[in-house]
Structures are given as C-alpha cells and as structure tokens.
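Protein chains in written order, with my numbering: chain H, 471 to 828; chain W, 471 to 828; chain Z, 471 to 828; chain V, 471 to 828.
No wet-lab data here; the hints were simulated from the structure.
Heads up, some of the hints might be wrong.
Because identical chains share one entry, a pair is satisfied inside a single copy or across any pair of copies.
Once the Cα atoms are required to be at most 20 Å apart in a straight line, the calculated PhoX-like pairs of lysine-lysine come out as [unchecked claim]:
no., residue 1, residue 2
1, 670, 684
2, 490, 544
3, 544, 827
4, 684, 632
5, 684, 531
6, 659, 644
7, 632, 518
8, 531, 544
9, 544, 743
10, 632, 659
11, 827, 531
12, 793, 644
13, 743, 684
A quick note: this is a predicted structure, and the numbers were derived from the prediction, not measured.
There are 4 protein chains.
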Amino acid sequence: MNNSYGHQFRITTFGESHGKAIGVVIDGCPAGIDFDEEFIQNELLRRKPGQSRITTQRDEKDEFQVLSGVFEGKTTGTPISLVIFNQDQRSKDYSHIADRYRPSHADYTYTEKYGVRDYRGGGRSSARETAARVAAGALAKLFLRQHGIEISAYVSQVGGLKLDKPYTELDLSKTEDNIVRCPDAEMAKEMEEFIDSVRKDRDTVGGVVNAVIKGAPAGLGEPVFDRLHAELGKAMLSINAAKGFEYGSGFEGVSMRGSEHNDAFYTENGEVKTRTNYSGGIQGGISNGQDIYFRVAFKPVATIMKDQESLNEAGESITVSGKGRHDPCVVPRAVPIVEGMAALVLADFLLRNRCSKA
Amino acid sequence: MNNSYGHQFRITTFGESHGKAIGVVIDGCPAGIDFDEEFIQNELLRRKPGQSRITTQRDEKDEFQVLSGVFEGKTTGTPISLVIFNQDQRSKDYSHIADRYRPSHADYTYTEKYGVRDYRGGGRSSARETAARVAAGALAKLFLRQHGIEISAYVSQVGGLKLDKPYTELDLSKTEDNIVRCPDAEMAKEMEEFIDSVRKDRDTVGGVVNAVIKGAPAGLGEPVFDRLHAELGKAMLSINAAKGFEYGSGFEGVSMRGSEHNDAFYTENGEVKTRTNYSGGIQGGISNGQDIYFRVAFKPVATIMKDQESLNEAGESITVSGKGRHDPCVVPRAVPIVEGMAALVLADFLLRNRCSKA
Amino acid sequence: MNNSYGHQFRITTFGESHGKAIGVVIDGCPAGIDFDEEFIQNELLRRKPGQSRITTQRDEKDEFQVLSGVFEGKTTGTPISLVIFNQDQRSKDYSHIADRYRPSHADYTYTEKYGVRDYRGGGRSSARETAARVAAGALAKLFLRQHGIEISAYVSQVGGLKLDKPYTELDLSKTEDNIVRCPDAEMAKEMEEFIDSVRKDRDTVGGVVNAVIKGAPAGLGEPVFDRLHAELGKAMLSINAAKGFEYGSGFEGVSMRGSEHNDAFYTENGEVKTRTNYSGGIQGGISNGQDIYFRVAFKPVATIMKDQESLNEAGESITVSGKGRHDPCVVPRAVPIVEGMAALVLADFLLRNRCSKA
Amino acid sequence: MNNSYGHQFRITTFGESHGKAIGVVIDGCPAGIDFDEEFIQNELLRRKPGQSRITTQRDEKDEFQVLSGVFEGKTTGTPISLVIFNQDQRSKDYSHIADRYRPSHADYTYTEKYGVRDYRGGGRSSARETAARVAAGALAKLFLRQHGIEISAYVSQVGGLKLDKPYTELDLSKTEDNIVRCPDAEMAKEMEEFIDSVRKDRDTVGGVVNAVIKGAPAGLGEPVFDRLHAELGKAMLSINAAKGFEYGSGFEGVSMRGSEHNDAFYTENGEVKTRTNYSGGIQGGISNGQDIYFRVAFKPVATIMKDQESLNEAGESITVSGKGRHDPCVVPRAVPIVEGMAALVLADFLLRNRCSKA
C-alpha cells in the first residue's frame with residue numbers, strides 16, 4: 471500500500487508537516503514485548519530538528535503518545551498507535567508558496583497526481599513523516615534486541631568528504647559522540663565545518679549513511695522478489711532525499727572477478743563463517759548469518775535559502791525566494807531513520823521466517 | 471508475498487532451474503491488450519542463454535505456452551499463465567553438489583531457511599527464474615506501449631570498462647547491434663574482448679546496466695513507502711546478482727550543492743519541463759513527466775570454473791570444483807530483465823494511479 | 471492484515487475499549503472528496519451507546535478529530551486519520567474480571583493467542599472498535615454518493631419477531647423513525663417492547679439486519695475469490711456478534727428450482743434489467759446493476775447481568791457475576807455498522823474496477 | 471487480489487473452462503510437507519464431473535501435473551505449481567452463446583466489467599476453476615493433518631429435503647458411502663431420487679453443505695477483520711453458486727437469549743472445554759479449541775436444459791436454448807470444495823498465528 475510498509479510487522483504512517491499530528495499504526499507487532507517508552511522517545515530525539523546548529527532550527531518537541539496496543543507495559547498483539555501532535559504549525563509562513571512549485575520538491579508532482587495538495591511545509595512529502603518511522607522503528611529495535619540483533623548506522627560521507635575505511639575498522643560506539651554522527655572524530659570535525667560553511671552559503675549538500683546489522687540469523691529474506699537486500703533497498707530508497715543504495719561490495723564489486731568476490735565458507739567453533747564478506751551477509755536474497763552492511767546516498771535537500779527560477783500553478787514563470795529555516799545537510803539526522811527502517815525490515819522478515827518450515 | 475511482485479498488475483513466478491517448468495501467472499492485467507506472442511517470444515530470446523559466445527552455453531529454447539487469460543488474441547482480464555517447459559534437465563550434472571555449499575551461491579542460505587533444497591542447478595535461486603519475469607515484463611511493455619511509454623536498457627560498464635557518457639549522448643537504438651548490448655560500438659568491442667578473456671580465465675566479472683524510461687506521465691508512484699524509485703529499486707535489486715541501484719544523480723549527487731542539484735521548472739509549448747534532470751524524473755517519489763533513468767550494479771556471478779574452498783552439509787571442509795558451463799558476464803543478458811522489471815513497476819503504478827482522484 | 475480492511479480504499483483500525491483512544495487510518499481514499507464532518511459525526515451518533523433506553527447506558531460522546539489527510543475541506547489523497555478519545559475509562563469496574571474468562575467473550579481466546587490481554591471492557595474485542603469503522607464507512611458513503619450509490623440497512627428481526635416483507639414493500643425512509651430502526655412502525659413497536667422485557671430480565675437477544683444497495687453500476691467485484699458477495703460476507707461477519715450472512719435468495723433459495731431462480735434479462739428504456747432478482751444484484755461475483763441486498767444474523771451478545779459458570783486463568787471453576795451496564799439487543803446499533811462496512815466494500819471495488827480495462 | 475486467496479499460505483488460481491489448462495500456484499507452503507500425490511489426485515476425483523449419474527456428464531480426467539516446488543517427495547518452500555490440462559475442449563458447443571447472456575450466469579457481468587469475455591463454457595466463471603482450489607486444498611489438508619486438524623463436510627439439504635440432525639449425532643465416516651454425500655443413508659436415498667427427478671425435468675436444485683473442523687488449536691483467527699469465521703465465510707461464499715454462510719448457532723441463534731446462548735467454560739482432565747458450543751468453536755473471531763462448524767447454502771445452478779428469455783450483446787430479446795449437459799444438483803460435488811477451502815483458511819491462520827507472540 472501507499473502508506474504502509476511491511477508484511478507481518480506492518481506500519482502505516484499518517485500526517486502532514488503542518489497538520490494536527492503525525493503518527494503511525496503498527497499492526498502485527500507480536501505480544502509480550504517490553505514497551506520501553508524512554509528508548510522510543512530517545513530515538514525520536516535523535517531524529518528531531520533543532521538538535522544542533524547544523525540542522526534546521528524548526529522547533530518540535532516530538533513527544534509521542536501511545537493511543538493503543540500497550541497494556542501494563544507490554545505490547546498486546548493489537549495495533550499500536552503512536553501519535554506526535556505538531557507544535558510548530560506556522561501555516562502563514564507557507565502562504566507564499568501556496569500556488570508555487572518549488573524546484574525539486576514534490577509540489578508539482580502531488581498536484582499532478584491528486585489535483586490538490588496541502589502546501590504547508592510540504593504537507594505529506596515533508597521529512598517530518600519520518601518521525602513516525604523512527605518511532606515504529608524503535609519498537610522494531612526492541613523486538614530485534616530480544617533476538618540479539620543490533621543495527622548501527624553512521625555518516626560516512628558529506629559532500630566530497632568521504633571516510634574511506636570499512637566499518638570493521640571503525641569504533642561504531644563513537645557515532646553519537648559528535649553532531650555529524652561520523653564515528654571518526656577527525657573526519658567528523660571536517661564534516662561539521664563543511665556543513666557549517668554550506669549553511670552560511672544558505673545552501674545544502676548531500677551525503678552517505680552506512681549501516682551494519684549484527685546478530686541476524688541465517689534464513690531471513692524471501693525468494694525471489696522479497697529478497698532481504700531488495701526490501702532493505704526499497705525501505706532505504708523510501709526515505710526522503712535518498713538517491714541510491716548498495717550492499718556488500720556494491721557498485722565497486724562490479725570491477726571484481728568472481729574468483730575474488732566469492733566468499734569462501736569455513737567453520738570456526740562449529741559455526742559456519744565466510745572468509746570474506748563481499749556478499750554483505752546476504753546470499754540468494756537470504757541472510758547467511760554474517761554481518762549485513764549497506765550504504766545509502768542522500769542528495770542535497772531541495773529547500774535552500776536562495777532565489778530560484780520556477781513556475782506557479784498557472785504555468786507562469788516565477789521566482790521562488792528562499793526564506794525561513796533550512797537544513798544544510800540532512801544525513802546526520804538520517805542516521806536514526808536508516809536504523810529504524812532497517813529494523814522494520816528485519817522485524818518483518820524475522821516473523822515471516824517463522825513460516826518457512828512445516 | 472515471497473514470489474509475487476506488484477499490487478494491481480501482479481505477477482507470481484514459479485519453477486526451478488531443472489524442474490519440469492518455470493512460469494508466471496499475471497493477475498490484474500487489464501482486459502483488451504493485444505497479446506503479441508511474437509513480441510513476447512522475442513523478449514525471451516533476448517534473455518535466453520546461448521545467444522552468443524560470451525554467455526553460458528546452456529541450451530534452452532525458452533518457448534512459452536499460454537495456458538489461460540488470452541482469448542481471440544486479447545487479454546481478458548483474467549489471470550494469464552505463461553509456462554516454459556525446461557528442455558535441459560541434466561540433473562546428474564548436479565549430483566556432485568547435492569550436499570555441498572557453493573561459495574556465494576544460495577545453497578547454504580536455502581538449506582538454513584527451509585531445511586531442504588532442490589540442488590539441481592541452483593533450483594529456485596537460479597537466474598532461470600528471470601525468464602518468467604521477462605515474459606511477464608514483455609506483456610507489461612505491450613500495455614505501456616498503448617500509453618506511449620518506452621523503456622530502454624543498455625550495458626554501461628563491464629568490470630573496469632565504463633562508458634562515461636550520459637544516455638542523452640547515446641543512440642540507444644544501437645544497443646542490440648552488438649552482443650554486449652552497449653550502444654557505443656567502440657566500447658562494446660572492448661567489453662566483448664574483455665569478457666572473452668575472462669571466460670578463458672574460467673572466471674566471471676560484473677557490470678552495470680543503465681535504463682531510461684521515456685513517455686511516463688506525471689503522477690506515477692505513491693507516497694510514502696511505495697515511491698516510484700523505491701519500487702524500481704526493489705525490482706532491480708530482486709534480480710539475481712544485483713548489488714546496487716541509483717537513480718537520477720545517484721551516488722554522485724551527494725557531492726553536489728542544492729543550488730546546483732535543484733531542477734528549475736519552465737514551460738515549453740505549454741508543457742512543464744525542468745532545465746536539468748538530476749531528479750531522474752521523480753520528485754517526492756512521483757514521476758514528473760521528465761525522463762526517468764537509473765543504474766543497476768551486478769556483481770561477478772558466483773559460478774566459476776575454478777576450484778574453491780567450501781563446506782558440505784556436514785560442516786566439513788571441501789573443495790568445490792568448477793565444471794560444466796558458466797556465464798562470464800551476465801550483464802548483457804540482464805538488459806531485457808531490467809527492462810522487463812521496470813515495465814512491471816510502471817504498469818503497476820499506471821493502474822494504481824487511476825485511483826488517485828475521486 | 472489483521473486490523474486492515476480493503477485493497478485500494480483501505481482502513482486500519484486501532485484502539486481498545488478503555489484505552490486512551492480508538493481510531494482509524496484510511497489509506498487510498500481518493501483526493502477531492504468533500505469531507506463533510508457533520509455527516510460523519512452524525513453517523514457516529516447513530517452507532518453511539520446510550521441513544522435510547524434499549525441500548526447500553528455507557529456514556530460516550532464519540533466526538534472524532536481529524537489528524538491528517540484533509541485540507542481546506544477536501545481529502546488530499548494522503549492517509550486520513552480519525553481519532554475518538556475515550557471519555558469513559560472506568561477501569562476499576564473491570565478489575566473483577568481481570569483473571570476471569572467471561573463465557574462466549576474473547577477473554578479466553580485472546581489469552582491463548584497472545585499470552586496477555588487488555589481485560590478492561592473487552593479491550594480490543596469490544597464492539598467499541600466498530601465506531602472506527604462507522605467513521606471510515608461514513609467517508610466511504612460520501613465517496614459513493616458522488617457516484618450515485620446509496621446503502622440502507624434496517625432491522626428485520628429481533629429474537630423471534632420477524633418482519634416478513636421484502637425490502638421492496640417497505641418504506642426505508644422510515645427506518646430512523648423509531649429506536650429499533652425497523653421501517654415497519656407496528657413491528658418496531660413490538661420489537662421495542664420485547665427488547666425492553668429482555669432488558670428487564672437482565673438478558674440479551676439477537677436479531678437480523680437487512681441491507682439494500684441502490685445505484686451500484688455493473689462490474690463491481692472481482693473473480694474468483696474477491697467476489698462482491700464474498701467480500702460483503704467477510705465484512706459483515708467481521709462485525710461483533712455476527713453469525714450468518716446471506717444475499718439474494720440466500721438460504722431459502724436452496725429449495726428453488728433453477729428454472730424459477732434464474733433472473734431473466736430484458737431491457738427497459740435501453741437499460742438492461744432482470745425480471746426477478748434472486749441473484750441479489752450479483753452474478754458470477756460481479757454486480758449486474760440491479761439492487762444488491764443481503765441479510766446479517768447477530769447472536770444475543772454475551773454480556774448479561776446474570777451469574778454464570780466459568781473458569782479463571784488458573785483453570786479454577788468460578789462464577790462470573792453480571793453487573794454494570796448491558797446492551798439487551800445490539801441490532802439497532804448494528805444498522806450503521808452494516809451500512810458503513812458495506813460502503814467500504816463498495817468503495818474499494820469501485821476503485822479496483824478502474825483497472826479492469828486497458 | 472482478484473485471483474489469490476490467503477496471506478501466508480497463498481494460492482493463485484488460473485484458467486478457463488475450455489482453455490488450455492487450469493491450475494494453481496501455491497506460494498508460502500512451508501517446506502518439508504510430504505507431498506502425497508495420490509491423496510491430492512483422489513481429492514480431485516471427488517470433485518470431478520461425471521462421477522455418478524446425478525452429476526454433469528462432462529468428461530474430464532482431472533489429472534494434475536506438478537510443475538514446481540516439490541523435490542524428492544517433499545515441499546521445498548518454493549511455489550508449487552499444479553496444472554490440469556483440459557481434455558474436453560468442445561469449443562464449438564458454445565458458439566451459440568457467444569453473443570448471448572445466459573440468465574443468472576456471469577456472461578453479462580463479465581462483459582460489462584472487461585469489455586470482452588471467453589464465452590466458451592463460462593470461461594473463468596465456470597465451476598471448473600474450483601478443481602484448482604481442491605488441488606491446493608488437498609495440500610493444505612496434508613499440512614493440517616501434521617498438526618492434527620481434520621475437516622469433514624457433508625450434504626445436509628437438497629431442495630426442501632433437510633437432514634435435521636446436528637453433526638454430533640451423525641457418523642461422518644459414512645459420507646462417501648453414497649453419491650449424494652449425505653451421511654444419513656435413508657436421507658441420502660431420498661435426496662438421490664429427488665435429484666434424479668430434477669435431472670429428468672432438465673432442471674436444477676440447490677442445497678446445503680455442512681462442515682466440521684476437529685482438532686484446531688485455540689488461537690487461530692485474527693482480530694478484527696480477519697476473524698476466523700469471517701475468512702471462512704469469504705472462502706465459502708467465493709465458491710460458485712454459494713448464497714449464504716452461517717456458523718455455530720447461525721441464523722437460528724438470533725432467537726435465543728444470551729443466558730441460553732453463552733457457552734459455559736469448564737475443565738475436563740485439565741483441558742478447557744465449553745458445556746455447549748453455540749459459538750461454533752470461535753469466540754471474538756479466534757478459535758477456542760472446540761469443534762468449528764458451519765453451513766453453506768448453494769442455489770440451484772443456472773445451467774438448465776430449458777428455453778429461457780434473455781438478451782444478446784446488442785440488447786435484443788432472444789431465447790437461450792438449453793442443450794448439452796447439465797448438473798442437476800452441485801452440492802454433492804461441492805463437498806470436497808468446501809473442505810478444500812476450509813483447509814486453506816485453516817492453514818493460513820495456523821501459519822499467521824506463529825507470529826502472535828514475541
């Protein structure tokens with residue numbers, strides 16, 4: 471469906487940037503999970519705007535309410551509805567774009583598709599919708615944790631600044647130590663300064679988020695369309711501003727030879743392992759028990775504080791003026807979204823896999 | 471579902487590499503499409519093994535039969551079942567791998583997931599399954615053609631050989647002029663020679679397929695999870711050996727500034743256009759009427775003719791010996807698969823979009 | 471999914487009887503429908519408890535809030551979230567049943583399925599959930615109205631009191647004239663008195679709701695599983711306390727001969743009609759343009775004010791004491807629920823049918 | 471989807487009455503089930519036309535082929551494709567109805583919906599499609615048998631002849647002892663004679679099939695839309711000629727009082743049981759471990775050997791002449807279809823229930 475994701479662990483998000491509320495209904499979450507409100511709230515804070523000087527200054531508390539599905543601190547198996555009421559409904563700020571198509575936004579495409587659009591702050595196409603995903607993803611993380619699965623994402627590139635180390639050489643516990651969410655302190659500093667300069671230019675820049683999933687058992691993912699990496703890809707590409715996805719050896723792997731790329735099997739203490747992991751933990755679309763890792767490219771977001779050529783609904787040439795607040799680089803805030811979406815994918819496959827054997 | 475793809479125009483594929491048959495059921499194909507059998511057969515021939523010296527020599531005629539859903543040359547709105555009976559059932563060739571896990575194949579993961587596996591030729595995980603997709607995709611193409619939408623894919627990279635021209639500078643009508651399916655004759659020749667050398671090494675190499683969709687109207691794609699590019703990504707990543715997907719500016723776009731990346735709107739003869747197309751024809755997950763383009767990375771396939779270290783089902787170290795036939799580079803044959811899957815995605819969204827307005 | 475209904479016009483309900491709120495997310499509602507809040511509120515009032523002396527005296531205002539998906543009075547094509555906050559959270563009333571299985575309630579089955587249950591007022595299994603359906607169904611009605619489709623339900627039986635007239639001999643505009651919602655004033659009076667006597671007995675009684683759909687075009691419904699009547703049946707049987715469904719000639723039709731039961735086609739003013747309508751407006755699972763009509767049986771609800779033999783969670787024999795408030799006969803309040811669910815079925819098929827032709 | 475049923479254990483049927491073949495793809499069948507071909511073939515023979523003098527004399531062998539998903543006698547977890555090639559393709563028999571709408575058939579509604587129709591033998595709307603369901607249902611039965619669940623259906627009514635005994639007073643092992651499939655020998659004889667007389671009248675008559683499911687564990691079914699009885703209802707109503715469904719106390723239960731209808735819980739040898747079973751083994755939409763039982767009404771089928779008033783595609787009055795072969799009463803053949811569909815519903819919920827707890 472349009473606004474639903476997942477098959478067994480299924481979420482439906484709703485809400486517009488400047489409407490009354492945004493939220494999510496989680497249907498199919500198993501009963502008996504400890505519903506750790508503080509953890510979920512904390513995940514939301516990681517995504518929240520206004521965390522640091524390098525993100526948008528929009529002021530949202532992003533406090534969520536539980537409307538259903540939790541009883542005496544545990545999930546009950548019935549749908550869990552989480553809602554965040556919008557605080558910052560400065561609708562008048564947006565009247566100047568009511569009939570204007572901002573370049574590379576969804577204004578034009580929504581209007582073409584639906585005939586109408588909620589133009590306040592991008593309406594449904596606003597990245598605000600991802601708060602609902604992060605809340606649902608946090609619950610998925612709690613479920614995965616019970617099964618020993620942990621997901622860590624981090625920023626590996628901002629503009630041309632690229633951290634050229636594999637995750638195996640990084641200390642991912644340091645990701646949250648800086649506002650860029652890059653586990654390499656030195657690179658983080660460079661990135662931070664760069665984002666700051668872009669912000670002062672009233673411009674934006676893109677970046678890359680890497681993610682690693684540890685502890686996933688073999689057997690997750692389904693042939694042939696719902697391959698684990700295909701669903702991860704879809705989930706990641708569904709995040710605002712995402713432009714690309716690769717897992718394991720990715721685009722670089724195309725230059726390798728099969729004899730080099732194949733991951734030899736061996737056993738260590740009775741456990742099946744692979745000597746290399748160009749497969750990214752996924753073979754034939756199904757997890758093989760090794761680390762799963764992937765990368766997501768994000769474009770520079772479209773909201774800039776500069777004047778731009780465009781059209782209004784009447785098809786007349788206009789100038790869209792940059793004003794208000796903007797997010798010079800979204801990738802630091804994309805980190806919890808990437809983790810949350812990955813958690814949703816894994817939770818779904820963990821449940822689906824319960825049906826693979828008679 | 472596991473073996474189904476699509477929401478309204480929905481396909482379910484079935485069949486194993488060396489079972490009795492492979493096939494597809496297409497449910498939700500509208501009534502009244504001219505069922506051009508010759509066109510569909512021709513698409514299958516483009517994917518078929520043994521087309522040229524640079525592909526596997528497995529000999530399959532890939533002739534399909536229509537079991538249902540077509541009457542007097544037209545689709546009837548009921549499910550269309552297409553079946554290809556397997557000719558080449560040399561099951562004994564595979565006895566030597568019955569209890570062995572080939573590196574970077576799906577042998578191990580299927581066994582972990584299901585407890586059993588059809589080991590003949592990779593069973594369900596064989597790329598043979600993609601013939602069913604190509605047949606269904608050909609039908610989707612016929613539907614799209616009625617709506618003026620055309621899809622063209624081509625090989626842009628083989629190993630390290632990369633065609634560094636945008637599609638706008640290529641003559642895509644020349645793609646089928648050579649066995650590599652690269653529209654640049656000179657580069658095609660280099661690629662062909664390179665693949666030949668890899669084949670002689672009994673090894674494999676990866677590559678990249680690019681695709682362009684022309685004529686898609688604005689409005690295709692759904693917020694927020696089923697974005698057009700997210701579904702394209704999933705569809706492409708579900709093809710065997712795919713490792714990455716990017717659209718529009720893709721991974722390179724991350725280094726750009728927003729002021730540079732934003733695609734300014736203007737009108738030409740009353741039609742809305744964009745001056746650049748870094749968006750890849752998709753904004754907010756919905757097509758904007760410009761060309762849609764994307765790239766898919768394929769790894770070197772795992773079947774090589776060399777001995778490799780591995781394990782058997784008992785967890786003992788073994789050597790998997792390369793023997794039989796192999797495909798040194800799958801990307802030329804991936805071209806019709808990429809096109810077919812893209813056609814399925816577009817057909818599905820074309821139908822879904824009929825429900826967007828009251 | 472568990473808590474979702476519909477394919478294109480798809481709803482997901484959430485909420486427990488005595489939790490914070492109940493609600494519904496409607497995904498796939500087309501853009502451009504006039505969102506008549508008053509009409510929706512009025513439908514909710516028709517279902518609300520405490521309307522008259524013959525229903526439960528639970529006091530709920532059932533005022534709904536729109537959280538998303540509506541802008542400037544129109545639906546926008548994005549998910550519409552409607553929420554009703556619960557007023558009447560008298561949780562302590564339910565402490566006496568916390569570990570007890572009430573006979574013929576869902577207490578035992580939920581506990582077996584989920585390991586836990588929200589025992590307050592039946593939690594998710596409470597008929598309170600149907601308020602969310604009525605709200606969503608009201609929106610579906612608004613959509614159907616634009617296409618000239620109207621749905622009317624009424625009470626045709628209460629206990630042994632049965633109105634033995636076909637709908638064609640009734641004036642359905644009189645249904646709301648009495649608190650039983652039976653369009654025959656005389657029968658209504660008898661039913662009302664009977665329900666009153668059952669109430670005084672601290673007991674309950676069942677009944678039958680009939681429904682008629684006028685104005686549905688030919689072509690709605692899908693072969694072969696999603697037949698129009700099969701979906702209507704599922705939708706009706708999913709209402710609390712429903713025990714049976716029949717359409718057209720129904721159970722009585724089994725005694726007829728084919729020569730008698732077949733509905734002869736003829737034309738009237740160029741319109742195709744049938745001389746009889748034993749088919750109930752549906753042939754081969756697809757609407758034929760004639761009136762669609764069906765009947766739904768409801769059992770006497772399980773909450774009675776009498777002591778009953780039962781078990782507690784420890785498996786010990788106990789007595790469940792009747793206390794508090796009860797609903798002697800739910801069928802009058804079932805009328806708007808039947809209509810709402812029928813509207814959801816029709817709206818879904820109306821959209822799906824847009825994809826039947828190329 | 472249109473031609474798919476089930477969520478986890480999901481089938482898609484295809485094929486027309488007089489096309490090349492009919493068949494089914496079963497996706498989501500767990501790996502490791504013994505694929506008992508003989509059992510499946512035998513179930514098909516129970517449904518097959520021409521079994522006795524009281525069914526249609528159409529001659530179909532109904533021998534099925536397995537195209538995929540089974541290896542070394544076991545299901546592999548991949549899609550199982552079963553195909554029955556049509557023997558009896560007497561297309562010319564149907565030329566006389568090519569442009570005519572037979573009363574109470576799907577001719578008119580398919581034409582309205584799709585613009586075209588395969589008129590040969592009713593095409594997709596033919597009851598022949600149910601052979602595919604019976605084959606899939608037989609596999610579901612094999613799966614259920616591993617879990618101790620057995621389904622028995624039988625004929626309880628033909629025309630006005632009604633067997634007025636509850637299933638608990640019948641010996642269901644005698645159902646297959648006579649051609650009517652009524653376990654009461656005396657009633658069976660009456661029914662048989664009655665059907666014979668109807669056949670001689672060149673007419674048809676309806677009937678009722680009852681079914682009982684024994685051994686289903688508590689916990690099957692999902693709140694709130696996918697209740698066990700709602701899905702059973704949909705599945706049954708999707709069978710050709712079905713007009714009504716009721717479970718447990720059904721339509722008769724509406725006249726009861728709650729104090730009478732409530733099923734008191736008690737324990738016997740530590741097992742939870744109910745003293746009565748008006749609930750039909752389902753409470754709150756979820757199985758409670760008691761017997762599940764229900765009834766399905768079938769109308770007299772529309773194909774009769776008499777002349778009837780109707781219209782052609784041009785809207786002109788015509789006479790449809792009865793000729794060829796006809797099925798005077800389909801209910802005996804409906805017995806294996808009812809069982810098969812019930813098996814599919816149960817198998818699906820058995821798998822879905824694996825996801826209810828963390």
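Q | Hint numbers contradicted by this structure | A | Hints 1, 4, 5, 7, 8, 9, 11 and 12 not satisfied by this model.
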